[in-house]
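Number of protein chains: 2
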Amino acid sequence: MAFGRSTTTHGTTLLANTILTLDMKRRQFITAMGLGALALATPFSLSSAERLTDKWLSQPSSGKMRLSFTPYELQLRHAFNLAKSSRTTTPDVLVRIEYEGFTGYGEASMPPYLGESIDSVCRFLSKVDLSQFSDPFRLEDILAYIDSIDKDNRAAKASIDIALHDLLGKIMGQPWYKIWGLNPERTPLTSFTIGIDTEEVVRQKVEEAHPYKVLKVKMGLDNDRATIETIRSMTDRPICVDVNQGWDSKEHALEMIHWLKEHGCLFVEQPMPKEMIDETAWLRERSPLPIIADEAFQRLPDITRFKGVYDGINIKLMKSTGMHEAYKMITLARALDMKVMIGCMTETSCAVTAAAQLSPLVDWADLDGNLLISNDCFDGLKIVEGKVTLPDAPGIGVTPL
Amino acid sequence: MAFGRSTTTHGTTLLANTILTLDMKRRQFITAMGLGALALATPFSLSSAERLTDKWLSQPSSGKMRLSFTPYELQLRHAFNLAKSSRTTTPDVLVRIEYEGFTGYGEASMPPYLGESIDSVCRFLSKVDLSQFSDPFRLEDILAYIDSIDKDNRAAKASIDIALHDLLGKIMGQPWYKIWGLNPERTPLTSFTIGIDTEEVVRQKVEEAHPYKVLKVKMGLDNDRATIETIRSMTDRPICVDVNQGWDSKEHALEMIHWLKEHGCLFVEQPMPKEMIDETAWLRERSPLPIIADEAFQRLPDITRFKGVYDGINIKLMKSTGMHEAYKMITLARALDMKVMIGCMTETSCAVTAAAQLSPLVDWADLDGNLLISNDCFDGLKIVEGKVTLPDAPGIGVTPL
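Residue numbers (the numbering used here), protein chains in the order written: chain A, 83 to 483; chain B, 83 to 483.
No farther apart than 25 Å at their CA atoms in a straight line, the calculated lysine to any residue pairs in the SDA-like style are these: (1) K421/A to P383/B; (2) K389/B to Y409/A; (3) K421/A to A417/B; (4) K389/A to K389/B; (5) K389/A to P383/B; (6) K421/A to R381/B; (7) K421/A to A226/B; (8) K421/A to L382/B; (9) K389/B to D384/A.
By construction, these hints were calculated from the structure, which means they are not laboratory data.
With the rest of the complex left out, here is chain A (with noise of 0.2 Å):
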């Protein structure tokens, strides 16, 4: 409780400047405001960010949810090359929910093709009015109705899962992992990732990897195998891979998995395009490696048709609207028999923390998301030898910097 409190003191200074409140009346504010169109073509500059935190510090809150937020653009240490893409940025907005003296942070990180960006999260966040709740324990209610907002917008409805979380974490007192009754002591190795590029960096990024355990490669283009030999010359840690959906025969596909378990691999993300869904099962019946979904599912009610055809699931937050369903996404899997992963986007440590209080429940992290950035603005999860290590600290375990 202390803790919450302290945290709530001292994690006004991070964000007092740049941040966006959305006060109980909000539609008010926002015409107010003339911010009938937060539909911004450019994101939020922070000196009209800083007006109108001036503005809005000072309203009281009284005693209900006070919604915050701020974009903030994640510097990445290496350019991120996936089969499809590559880019040295990434879009992000930073959440705050203020309650009877508690703050709760949470976040939404945008990898662009998962179609969201800061324009429409923040156009998303503008729409949440929690005034008509007079209680943050009402987390399936809350959750509901910001699920009816509007459909997809995945990343937006998690940055307010995770706030309310990390809220009703200090609230009782505890991290969300000793809530669910987990023991911090069974958190997974994380893996650490070695995108799609140059032996040069590819060598670079495995020195880097050094205190990993686990290496997760990017695969799909036409150096795959090169990829695995460099670093197989450098070390016989074991290697998950992900092929983004790169491979799009199914007998390459099948042929690459038994080179790859020779290689000392671990499973397959997302083998094949999401769409080969006949195609992926065939090869799951074939694989000597286990196969594991992502781009192929979002949420809770997509697992129940993967039986046959994935033998588990890559869980993010981003993807699931945040760790309520998340926590349900894991319970599902295990009824059904399957494997399951917990991965993030780039991210600031306030996302990846709020992952890993799910990460004793699971076979395989790869939750190294903050560790690709140079600007992260939260203390939160360490990674000890190679393991996830959870924070004591209640909520999801962040402190701002």
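For this one, chain A is given, so just place chain B on it according to the hints.
Chain B in isolation, oriented as in the chain A frame:
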């Protein structure tokens, strides 16, 4: 938090003179007290329980979990007639876990057809060694250990699970419906049970059921139609039908269900013997009312095979081994598009209120077990205008009387 502590303080008065305490040093204790033969032929007498309590209440709790239990025979208000048995009492064991000034209560209720007894539960509980766990928040580990002690013994396992939930909720200062994010206003109506009996007793019970908006009728004998006709001559309130495996002809079952639908029934629970899977699937395909499983299943892994056989499930804590697994079962059933009902045994307000914490998630509740006994020793949920009404108190929300 304050409430949790005050409950603890008052709570110790209830069972202080009748409780068996098993401390951390359980093995030494059992040896010292000559309890190697806890396989008692008859239930513990009050006087021996008193002697043990005197002995063990003086033990320092050393900041860890301290488990106590006491047999408690439930007195039924009416003899309870089912398709296959009749009785006037139900054996029961009350459980207590103390930890750092907090006390969690739990209960095992043992209707004879479940195969547990006061002896078997006390024997099971005497094997429980919580000294290996320094933190009650390791719920998944503790419950996995409890589950591993012996097979079956589901009521005994549930009693520990309930006591741990009560304890943890009190430490967090919140009732479980809040920890699960549920809206207490979404609790369902609960049904009041009318057993199989003479017309006179049925009439008397319908009078008694006056405050309830839904009736539950036990069936499976020759007078099935007569019972419904008697009730319909008095009231048009909706009726849930529980056959307790009483029909063994699928054609007769289908004919009855059509007749029941015409007489304002909502669903039919366990119409046929649990072994008659194909026949039940045949019936479900043709039935105008939902077919709900009860005796056909106990725990989480049983549910996935119900697709096409049952439309829904009746979860009871004494079958599911408690609240933690019951919550997961609801998640799974919902993902499989099944109806969910929460029921209970004849038991005190302790276990009934624990089950009620889950009730905002279900379609129908049958939580009248505490109303069927004359010696309830807890205050907890209330039925207000037929609706389950949850107490605001932390944990499972009960106060010892």
